[in-house]
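Undergrad: Each chain is listed here by its residues.
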Amino acid sequence: MHTKFSEKVSAVIFSEWGKLLGIAVLYYLVAYLGRFFVAQPESVATVWPVSGLGLSILLLRERKYWGQVIFVIFLTNLISNSTAGFSLPVSLGLSVTNCAESFLSAWMIRWLSRERIAFDRFRDLWALVSASVFTNALTGVFGAAVFTLGLGYSFWQTWLVWWVADGLGMILITPLVITWTSGEPFLHKPRRVYLESSLVLVGIMLVTIVIFSPFGNTNLPYLHSYTIFPLLIWSALRLPTRHVTLGLVILAILSVSQTVYMGGAREFIEAASHLRVLMLQLFLIVACFSTLALHLVVIERQRSEERLRESEERFSHMLTTSLDGVWIGNASRVTTFVNDRFCEMLGYTTDELVGQPLRDFILPEDRQVSDQQIDLRRQGDSTIYELRFCQKNGGIIWFRISATPVFEKNGEFAGSFGIFSNITERKQEEEVRAARLRLLEFAETHSLDELLQNTLDEAEKLSHSQIGFYHFVDDDQLSLTLQNWSTNTIKHMCTAEGKGKHYAINLAGVWVDCVHTRTPIIHNDYASLTHRKGLPEGHAPVIRELVVPVLRGEKIVAILGVGNKEQDYNDKDIEMVNMLADLGWEITERKRTQYALQQANEHMSATLDALPDLMFQVDHKYCITDYHTPFHETLYFAPEKFLGEDFRQLLPEPAAGLLAAAITESFETGFSRGTIYSLEIRGQLRWFEITAARRGKHDSAHTSSVALIRDITERKVAAEQLENALSDKEALLRELYHRTKNNMQVISAMLALQAENLTDEKATQIFQDVGSKIQSMAIVHQMLYRSQNLSSIDLKEYISALSDLLISTYRVRSHCNRVDILAESISASIDIAIPCGLMVNELITNALKYAFPAHHPGQLTVRLESRPDNNIFIEVSDNGIGFPPGYDVEQATTLGLQTVIALGQHQLQGKVNIFSGNGVTCQVEFPNNHAHT
Amino acid sequence: MAIKKKVLVVEDEALVAMLLTKNLRAMGFDVCGTIASGEEAVQVARAKKPDIIIMDRRLAGKLDGLDASRQIRQFTQIPIVFVTGYIDEKINLEIDQIQPAMYLIKPVPINEIKSAIDEMIGTG
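If you read the protein sequences in the order shown, they are chains A and B. In terms of the working numbering, the first sequence opens at residue 1 and continues consecutively. In terms of the working numbering, the second sequence opens at residue 1001 and continues consecutively.
One thing to keep in mind: the hints can contain errors.
Stated by the list, open to error - Label pairs and their calculated CB-CB ranges: (1) 1090(B) with 710(A): 45 to 51 Å; (2) 1121(B) with 789(A): 42 to 48 Å; (3) 870(A) with 1092(B): 34 to 40 Å; (4) 448(A) with 1090(B): 57 to 63 Å; (5) 1090(B) with 476(A): 56 to 62 Å; (6) 593(A) with 1090(B): 51 to 57 Å; (7) 1119(B) with 849(A): 40 to 46 Å; (8) 913(A) with 1119(B): 38 to 44 Å; (9) 611(A) with 1121(B): 56 to 62 Å; (10) 747(A) with 1003(B): 38 to 44 Å; (11) 717(A) with 1092(B): 31 to 37 Å; (12) 717(A) with 1090(B): 24 to 30 Å.
Said to hold, decoys possible - Sample of chain B residues lacking proximity to chain A, with all beta carbon distances greater than 10 Å (derived): (13) 1006; (14) 1027; (15) 1031; (16) 1046; (17) 1051; (18) 1070; (19) 1075; (20) 1088; (21) 1097; (22) 1099; (23) 1101; (24) 1103; (25) 1104; (26) 1109; (27) 1115; (28) 1116.
No lab work stands behind these hints: they were computed from the structure. All C-beta atoms in this analysis are idealised placements derived from N, C-alpha and C, irrespective of residue type, glycine included.
The whole structure should be built from the sequences, with the hints applied where relevant.
TA: Here it is as structure tokens:
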């Protein structure tokens, strides 16, 4: 409950209404107190503090609340004046005047102080005093008028007291309220400050009491009001603003009350009574204004000093912590100041630099530039330029100098101020870039050997070395080859032989350490290396060296080394040498590739020149993008019409369609071959064959096809001629077979006719046998001229026909009642068929003639089979009477069997097997590849 | 007793070879072999060292009569009588390069063969 009640009270107090009520109460109380300072004329206060309070409240509040505040001030004034015994019209007049005074003063102060008032600068006091003087002068007219009209007071005397009293109230109270409500903590300063303030405030209080009391007036006649000033000055110089304003209010309260009630200071008492208040008011105005003015000037000065100190600290901090060097020198360029960074960059101490001419530290080559620059300084020009300086350790450092001249007040040149930025790294990068460009240009027109030497020269120059060497590491990573030395090395440093020499890595010197570690190696003290292996005769002594490996993937492909720099090698040198070594290899690779490409191009060009074909390339829109042709006279259209044109629009149908189909096929499948088309060129029909291959991926905008067009007109004509010739020869051969068959048949017929006239049966039989043999050959020729290819016949058909012929020939004399032909279709040439036919003829004839006498009829079987290894197997068997007892086939002298054996073994290169058991069986197996060469 | 001259017959037509062999033997020659292929002819010529070879130009197998003769010339200079169905300049030139040799055109009566043998090596 308690908590809720206090919260409600707080809420009311801090609400807008609560604040207005508080303002009203405070205003009323201060007005009430102000009446204690009323002197002459009556009812007009000597100091009117509420004018300061009203003004303060308006200054503290935002403009949008001014209406509310003025209304409250008006009501409170009205009540206060009414309760003080003024009539209503007078009260109303005074209230309106007081409100107007507060409003106008607040508005003017805001305007003069540019909306910010904190009493921490003299400008604020000036605004306050201006408002106090001018607005009060104006509103005092109305106030005096009210008093004159309402109470019959002297107008000008009342105006003067009003003017001064209200102004004094403002000067006293407004700073007090503004500073004490500024939000600054009350006890945040050191204790001695509060102690000193307490002493000064007590002092002011005591001295004021003494000065303005009857005691002072009577017992200490030499005391005058100005004796308070030492304390006021003390407070102005040393105390915080709040305490100063408090001291002034204490002075005012005590001096006014003592003056009103006890006469005041000696000089006041001695004056006429109507002047006493005025003197007091003037005294307070002077005291307040002087104290506040002095105080504000002092704190402004303190603030400026603070800012200056901070600025100096910042500047000093900046100089000491700057990444750039700062140098200041006199007109003779003798150093008068350098910061630590400058010393650090050059490697000298401050003492070594100060007092020394800056020129002595500039690289001799750049001193002329420096002299030109100092002339510009003398003319008053500030410039930015770049120079090289010598470091204490012998190194060279690049500075970007921003230099400004310094002049005396009389205009005389006093020296210069320079900011030195270390741009060595940037310069080195520029030099490396320039070296890269030079090498790339050099590579265009020079050999690989010259390029490597130039690379070494550049590396040597950039790293300030005197030796340079470049080795290629073999693919096996076990040996390396010296490719080149730098120009300087060859001229002055090393006469040892070895260019192009192979080294085994494990036998090489310490410079191959980088191959083992796969990182750049620096040996700054070569002589101290315990594992060095000595140098070949003629090799310059090595003082220090830097060797970097060139890595490609997992392998080291080359190493570049430089040596004998005057200072130690460092990481920057590694970076530069690495870059050049890498570039050297890159260009080497590129040159090799270019060479290979050139070779390939030359090869391709020669190939193209040797091709008898028209080559053209078409893009995915069937437009010709490139071509190469060895012949122009047989082109359908002029070459200049090719490029950029869709060939389908240039060629007539059906050639265009056939070509497009072939190109499309190559786009889809990657390749097309064998499309043939013809074009009528200059009245002659010419034939072409296209072969096309896709270039690039399928369905890509970059797909193209390379087509070769071969003029095959001559080939086509030759083929046609060949075909015609072949056809003629076939006809001829067919005719030849036909006539051979006919001739054989004629011979056979002639033999048969002759046989009819013979009486000797044996002779007749011989004629018949020979006739049948001729017939068997005639059948082969008959079948050949009927065959498709004129070179082979089907043995099955042949043997069947032959069997039929023989059976019909010997049917009368034979008792063979059955002939079985069990044959497979086997294709055979004339060289096989004729000996085969003669053999079968012999065997069947023998069987028909001798195997089946009248008392022993039987049957005959002919088998024809295809055997493995492309062999032909023929078997002629009978179940006749067989050979006579004791008959030796091996010793047979009959022509028939000799013929069979000669044909089977000699001519057909086969095996003949004849045996007798149940009848006679003859088996012949021979290869089916017998042919004349 | 006179030593019979050894004749090697190289002829792929079995019946022709058989007839030729029979006739040569009847005329008193020693027919040391009747061969159908060029490859076999080279082997037999090396093995049996005949006095003369009657060589058909066309043979069964990879080697024809001229090829086989060139190989035979690498180890012996025995005379060769070629029997061919036709002759042209090219064949004539090739035969000239295989000396001593001569050719007869088919059909060849047996007495012409006898004369050719006599001409090349004399009568037995």
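Undergrad: Range first: 31 to 37 Å. Now tell me if the beta carbons of residue 717(A) and residue 1092(B) are that far apart.
TA: holds, 34 Å
Undergrad: Since residue 1104(B) was said not to touch the interface, does its Cβ keep a gap of more than 10 Å from each Cβ of chain A?
TA: Check passes; 19 Å lies beyond 10 Å.
Undergrad: Verify this label for me: residue 1051(B) is non-interface relative to chain A, using a Cβ-Cβ cutoff of 10 Å.
TA: holds, 22 Å
Undergrad: Do the beta carbons of residue 611(A) and residue 1121(B) sit within 56 to 62 Å of each other?
TA: Holds: the Cβ-Cβ distance is about 60 Å, inside 56 to 62 Å.
Undergrad: Beyond 10 Å on every Cβ pair: is that true for residue 1115(B) relative to chain A?
TA: holds, 26 Å
Undergrad: Was residue 1103(B) rightly flagged as not at the interface, with every chain A Cβ beyond 10 Å?
TA: holds, 18 Å
Undergrad: Does residue 1070(B) sit more than 10 Å from chain A, CB to CB?
TA: holds, 14 Å
Undergrad: Taking 10 Å as the cut and beta carbons as the points, is residue 1101(B) off the interface with chain A?
TA: For residue 1101(B), whose nearest Cβ neighbour in chain A is about 19 Å away, the distance exceeds 10 Å, so it holds.
Undergrad: Is the Cβ of residue 1097(B) more than 10 Å away from each Cβ in chain A?
TA: Residue 1097(B) is indeed farther than 10 Å from all Cβ atoms of chain A, at 19 Å.
Undergrad: Using the beta carbons of residue 1090(B) and residue 710(A), state whether their distance is inside 45 to 51 Å or not.
TA: violated, 34 Å
Undergrad: Quick check: does the Cβ-Cβ distance between residue 1119(B) and residue 849(A) fall within 40 to 46 Å?
TA: Between residue 1119(B) and residue 849(A), where Cβ atoms are some 44 Å apart, the hint holds.
Undergrad: Taking the CB of residue 448(A) and the CB of residue 1090(B), does the distance hold inside 57 to 63 Å?
TA: Given about 58 Å between the Cβ atoms, the range holds.
The structure fails hint 1 only (numbered hints given earlier).
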